[in-house]
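**Student:** Protein chains in written order, with our numbering: chain U, 1 to 416; chain Y, 1001 to 1111.
To be clear, the hints were calculated from the coordinates, so they are not data collected in a lab. We treat Cβ as the ideally placed atom computed from N, Cα and C, and that holds for glycine. Take these hints with a grain of salt, some might be off.
[As the list claims (entries may be wrong)] Pairs of lysine to any residue, SDA-like flavour, derived with a Cα cap of 20 Å:
#1 Lys1034(Y) - Lys1071(Y)
#2 Lys166(U) - Ser147(U)
#3 Lys1071(Y) - Val1029(Y)
#4 Lys1034(Y) - Lys413(U)
#5 Lys1017(Y) - Val1029(Y)
#6 Lys1017(Y) - Trp1109(Y)
#7 Lys1033(Y) - Ala359(U)
#8 Lys1017(Y) - Glu409(U)
#9 Lys1017(Y) - Lys1034(Y)
#10 Lys1034(Y) - Asp366(U)
#11 Lys413(U) - Ala1098(Y)
#12 Lys1034(Y) - Met1018(Y)
#13 Lys413(U) - Tyr259(U)
#14 Lys1034(Y) - Ala385(U)
#15 Lys1033(Y) - Arg360(U)
#16 Lys1017(Y) - Leu1085(Y)
#17 Lys1017(Y) - Glu1072(Y)
#18 Lys1033(Y) - Leu364(U)
#19 Lys73(U) - Arg168(U)
#20 Lys1017(Y) - Ala359(U)
#21 Lys1071(Y) - Ala1099(Y)
#22 Lys1033(Y) - Pro369(U)
#23 Lys1033(Y) - Leu1063(Y)
#24 Lys1034(Y) - Tyr367(U)
#25 Lys1034(Y) - Ala362(U)
#26 Lys1034(Y) - Ala359(U)
#27 Lys1034(Y) - Leu358(U)
#28 Lys1071(Y) - Ala1012(Y)
#29 Lys1033(Y) - Pro399(U)
#30 Lys1034(Y) - Arg388(U)
#31 Lys1033(Y) - Arg388(U)
#32 Lys1034(Y) - Asp356(U)
#33 Lys1034(Y) - His408(U)
#34 Lys1071(Y) - Met1018(Y)
#35 Lys1071(Y) - Glu1013(Y)
[Said to hold, decoys possible] If you want a taste of the chain Y side facing chain U, the calculated C-beta under 8 Å gives, among others:
#36 Met1022
#37 Phe1024
#38 Ala1027
#39 Tyr1028
#40 Lys1034
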Amino acid sequence: MPRADDTSVREIAEAVARRSYGKLVAFLAARTRDVAGAEDALSDAFASALVDWPASGVPANPEAWLLTVARRKAIDASRRRRTRLESADHLKLLADEVDAAASSATPIPDDRLALLFACAHPAIERGIRAPLMLQTVLGFDAAVVGSAFLVAPGAMRQRLVRAKSKIRQAGIPFEVPEREELPERLESVLDAIYAVFSEGWSDPAGSEARRRNLAEEGIWLGRLVASLLPDEPEALGLLALMLYAEARRDARRDAQGEYVPLADQDPAAWDGAAIAEAEALLLRASAIGAIGRYQLEAAVQSAHVVRRRSGRADWAAIERLYDALLALTGSPVVALNRAIALAETRGPAAGLEALDALARDARLRDYQPYWAARADLLARCGNGAAAREAYERAVGLEPDPAVRRFLHERRAKLQH
Amino acid sequence: MQYMLLIYENDAERVAKMDERMPFCSAYVEVMKKAGIYVDGHRLRGADSAATVSVVEGRTHVLDGPYAEAKEHLGGYHIIDVPDLDAALAWAARCPSAARGRVEVRPVWPL
């Protein structure tokens, strides 16, 4: 085996970690139901690799090497926890299985889908599902996950620990649900993946590498699920939706770093390859013939992308799609987007009327896009004073400085 | 639960650009008031206007300037009343100063 210097060994170990971390955690956790134990075992194995590989060379099958080392640790941990009687057979089985997986030439079984289903199990609190996926499948630490979801690192660490011990203690299964259960259970997996993506997407400048990374990780998870469940239209729909959005990332900023809203973006600045991939996915999904939230949302994006050819978004289609989405989800954010579409198809007064119907919804009270949309429609209806007030609220609610400046300037223009 | 958001940023810049930044700051305070969570808050004069008092072994010392020599100083604060730390962090992230310096979030410890 070739000798490698420390730097390149570290690079190889990091590359293996990146590629295989989730797979190895999933393989071990699916057999022990002990996610935290699997993570500990693997981080020990990676630490051993950094000591061992520079001396004896990088093994021919690094994944198998890591799994064998991790197995010892995982079994030790598991042995400590279980009673002697029930553990012996089980641990023997695990050891055999790990050895078989590590020694065989065939790839280690991919249990990441089972791990994703465990993370998004209905018994796991909704808000912790996406953070749990980031940590177990991608190996993000609690501080990074906490920052991404705006939770203090200490609190995030505790919540992750609690969720993992719930998986173990409640006996949450590591398996892809049966046919009849699958759509509902898949929905919570997809929701958590979309939550990962959305956190990254909400940094339009892409100036925070950490969050831009999250959008990419969301797409990566979406690809994983779409490749492991190629006949699930919603999995394809979610991947399409994320690709459509990602295609517009760079177009959201001009050369000076100022915010450019969708309506003012130059379609030529959108990523054509990502859009083509999204269109193909959406087409494949619709051929399966089971509509759902993510396909509808992806279809909305597709109707916006029409601008590349016709110069105008297909607002009539967008309105119909939001009607369907509203019937499906009852979400106030969907109702808001539907009102924005109405303003295009039937005029700003109709849009404003639809917004008025939402005015009492407490979930929109501190939601910046609601106030920005309201301000825009009020201005278009000639009510400058009310528009200025609504813009002011949008400014106060917006965390992104560039978007804040944009809204502030819109407001200032109304005064002259 | 009450939390104090302590705003730290480059003091000279904060004071110099106050006029330009005030509309954003007012809009931020206004939405907190509308959300019914705002308790109190103020901006502070520049750190160079500070004087610092301490009593050591019965002797009073007064120093010119702020407590610590630093580029970033306390420039103001808000006290908000929200259900938990997550909610406080979400409001802190909207503070315009968070994009320029940092906003420390601390639970108030009632006397």
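**Student:** Now look at each hint and say whether the structure bears it out.
**Tutor:** Hint check:
Note on Lys1034(Y) and Lys1071(Y): the hinted pairing is violated, with a Cα-Cα distance of about 34 Å set against a maximum of 20 Å. Between the alpha carbons of Lys166(U) and Ser147(U) the distance comes to roughly 23 Å, so the proposed pair goes past 20 Å and is violated. Of the pairs offered as hints, the one joining Lys1071(Y) and Val1029(Y) is violated, with about 25 Å between alpha carbons and a cut-off of 20 Å exceeded. A hinted pair counts as satisfied when its Cα atoms are at most 20 Å apart, and Lys1034(Y) with Lys413(U) does not qualify at roughly 24 Å.
Taking the CA atoms of Lys1017(Y) and Val1029(Y), the gap is near 18 Å; set against the 20 Å cutoff, the hint holds. Distance check on the hinted pair: Lys1017(Y) and Trp1109(Y) sit about 33 Å apart at the alpha-carbon level, beyond 20 Å; violated. Straight-line distance between C-alpha atoms of Lys1033(Y) and Ala359(U) comes to about 18 Å, which keeps the hinted pair within the 20 Å bound. Only pairs whose Cα atoms come within 20 Å are accepted, and Lys1017(Y) paired with Glu409(U) is accepted, the gap being roughly 17 Å.
Proximity of Lys1017(Y) to Lys1034(Y) is assessed by CA-CA distance (about 26 Å); at most 20 Å being required, the pair is judged violated. With a C-alpha separation of about 9 Å, the suggested pair Lys1034(Y) and Asp366(U) falls inside the 20 Å cut-off, and the hint holds. A threshold of 20 Å between alpha carbons decides the hint, and for Lys413(U) with Ala1098(Y) the separation of about 26 Å lies outside it, so the pair is violated. The straight-line distance between the Cα atoms of Lys1034(Y) and Met1018(Y) is roughly 23 Å, outside the 20 Å bound, and the hint therefore fails.
Simply put, Lys413(U) and Tyr259(U) have alpha-carbon atoms about 16 Å apart, close enough for the 20 Å limit, and the pair holds. At roughly 18 Å between alpha-carbon atoms, Lys1034(Y) and Ala385(U) fall within 20 Å of each other, so this suggested pair holds. Proposed proximity of Lys1033(Y) and Arg360(U) is supported: the alpha carbons are some 17 Å apart, at most 20 Å. Proximity of Lys1017(Y) to Leu1085(Y) is assessed by CA-CA distance (about 30 Å); at most 20 Å being required, the pair is judged violated.
Of the pairs offered as hints, the one joining Lys1017(Y) and Glu1072(Y) holds, with about 15 Å between alpha carbons and a cut-off of 20 Å not exceeded. At roughly 16 Å between alpha-carbon atoms, Lys1033(Y) and Leu364(U) fall within 20 Å of each other, so this suggested pair holds. With a C-alpha separation of about 17 Å, the suggested pair Lys73(U) and Arg168(U) falls inside the 20 Å cut-off, and the hint holds. For the given pair, Lys1017(Y) sits about 36 Å from Ala359(U) by alpha-carbon distance, which is inconsistent with the 20 Å threshold.
Simply put, Lys1071(Y) and Ala1099(Y) have alpha-carbon atoms about 16 Å apart, close enough for the 20 Å limit, and the pair holds. With a C-alpha separation of about 19 Å, the suggested pairing of Lys1033(Y) with Pro369(U) holds against the 20 Å cut-off. In summary, the hint linking Lys1033(Y) to Leu1063(Y) is not supported, as the alpha carbons are separated by about 37 Å, beyond the 20 Å threshold. For the given pair, Lys1034(Y) sits about 12 Å from Tyr367(U) by alpha-carbon distance, which is consistent with the 20 Å threshold.
This hinted pair checks out: Lys1034(Y) and Ala362(U) have alpha carbons roughly 12 Å apart, not beyond 20 Å. A distance of roughly 14 Å separates the Cα atoms of Lys1034(Y) and Ala359(U); the hinted pair therefore holds under the 20 Å criterion. Between the alpha carbons of Lys1034(Y) and Leu358(U) the distance comes to roughly 17 Å, so the proposed pair stays at or under 20 Å and holds. Of the supplied pair hints, the one linking Lys1071(Y) and Ala1012(Y) holds, its CA atoms being roughly 8 Å apart against a limit of 20 Å.
With a C-alpha separation of about 17 Å, the suggested pairing of Lys1033(Y) with Pro399(U) holds against the 20 Å cut-off. Distance restraint check for Lys1034(Y) and Arg388(U): the Cα-Cα separation of roughly 16 Å lies within the 20 Å cut-off, and the hinted pair is therefore satisfied. For the hint linking Lys1033(Y) to Arg388(U), the alpha-carbon distance of about 18 Å falls within 20 Å, and the restraint holds. A hinted pair counts as satisfied when its Cα atoms are at most 20 Å apart, and Lys1034(Y) with Asp356(U) qualifies at roughly 18 Å.
For a cut-off of 20 Å, the pair hint linking Lys1034(Y) to His408(U) stands: about 19 Å separates their Cα positions. Between Lys1071(Y) and Met1018(Y) the alpha-carbon distance is near 17 Å, which keeps this suggested pair within the 20 Å criterion. As the CA atoms of Lys1071(Y) and Glu1013(Y) are separated by approximately 10 Å, the hinted pair is consistent with the 20 Å bound. This hint is violated: Met1022(Y) has a C-beta 11 Å from the nearest C-beta of chain U, more than the 8 Å allowed.
Checking Phe1024(Y) against chain U: minimum C-beta separation of about 6 Å stays under 8 Å; hint holds. Taking 8 Å as the C-beta contact cut-off toward chain U, the hint placing Ala1027(Y) at the interface holds, the least distance being around 4 Å. Because the beta carbon of Tyr1028(Y) sits about 5 Å from the nearest beta carbon in chain U, less than 8 Å, this interface hint is met. Hint status for Lys1034(Y): holds, given a least beta-carbon distance of 7 Å to chain U, under 8 Å.
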